[in-house]
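**Student:** Quick note, the numbering used here runs 15 ahead of the 1-based positions in the sequence shown.
Don't take each hint at face value.
Taking lysine to aspartate or glutamate pairs in the DMTMM-like style, the calculated list, with each CA pair at most 20 Å apart, reads [claimed, not checked]:
(1) K102 x E34
(2) K438 x E20
(3) K151 x D378
(4) K253 x D291
(5) K102 x E87
(6) K19 x E439
(7) K438 x D428
Calculated from the structure, these hints are not laboratory results.
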Amino acid sequence: MDRKEVVHQLVQLYALQPEGLSKQVRIEQALRQAITQQWPSGLRLPSHRQLADALGVARQTLALAIHTLLEEALLKTAHGQGTWTSKPVTPNTLPHGNGQLSSRARQVLEGPGASMIQNGSFVPGIPDIAQFPMRKWRQLYASITVPQNALLLSYSTGGYGPLKRAIRDFLARWRNISCDTEQIIITDGTHNGIELCALTLADVGDRVAMESPCYWGARNVFTAAGLAIEPVAWHPGKGHTLPAYPGPVQLAYLTGSHHYPLSVATSAADKQRLCDALAPTYIVEDDYEFTLDDHTNLLFDSHSPRHLLVGSFSKMMFPGLRLGYLVVPRHLAGPMNRLRSEVFREGRMLDQAVLAQFMFDGDLDTWCRRIQRDYLGRQQVLHDQLRSLPQVRSVSPPSSAISLCVEFAPGIDDVQIAQTLLKEHLIVRPLSPVCAEHDPRVGLVMGVGMLSGETLVREAQRLRRCLETLLR
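Produce the complete structure using the sequences and hints provided.
**Tutor:** Laid out in structure tokens, this is it:
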């Protein structure tokens, strides 16, 4: 690959980054995508001056971005020899010999998992981080990080009390849920909450019922915990397809009010019929995304001895926050809190304190209302572009969520389409890998969090043109 092509590809990727981000971050993300997706390992980069001139940035800005990639080991440098790429080791290159990895680890690594690409056009599962009120967030950190608050640097046994109260009030306003603060457990995001449920409520080999299509992350957590997955296909408007020979189910893991990855409203009645048929010991509901008026889709009952609710602030605010919550039955609150302390230890009191103040000040409510209106408009733009494409069976209706799902006619290779779109810097996930073997649905899952305004319109039109060719 000659240097002109290297420069051209980097400039293209740089132009696709959200305009609300700083130039340095945009360069970092463009370089990261180029190294992991396009460029071979050991590729020598053009000079810093040539790259800076092509990108239209100061050399110091480029140098700071390259320094970040050097720390991530995606770039290497030596005095007088320039800078060259260094591809990371992928799961496929890990040793699979006897004694190297556990069978559970291999099972997780061989299935669909988290993509290394977390930026770009239509990347699913990422909220709008460019518009988040970071100035207010920094101000709260500055006001809370004072000498008198040294205790915030310690462990947070049971979680930060004011944050629990803020979550309790937030759930009452947004989810019509009445619960005590003792029922709320602060977690390090959704995965940590699901893992705590698996460790507390099930033994290795127990069965967990999961809807198909499923959230891959939850499936990986349950697999890593040694649980047996019982997939149950769910079709909007038709309900669940029950297993032919249902057996004892320890856990039922269900989507909350808005299904992921199908990106449609769920049905409490459908979930109740499934639970009546399977009679799980515990029901875990993942309230992935929601709005003010969709709480009637929840099956969760805070007074029930077998209902648990998983929630996360990462999809509302920004992924790096990694704070979430569990609402558990009263009789499980003590044991689950103690188990969390024993297995994971608890900390991040500063983050919890800042989040609590952010919620008490009303900033989270204001942010959610504002960004959900934006998401609804963005989804309408994408929906209008994709609904009339050939071989498209359905497009999830516009909503206030960050994700959208396109279902194709049977026989379409959605995995190959996703890989081809990746080469065009259009980041989507295929639907089929998160469907059960007996669930033949195919399609694409995409997000609207990283694009807005004219950039969204331009990229949506480009996506349509690519899919017209691929689906023809």
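**Student:** To test your reading of the hints: which numbers does this structure violate?
**Tutor:** Checked against the structure, the only hint that fails is number 1, while the rest are satisfied.
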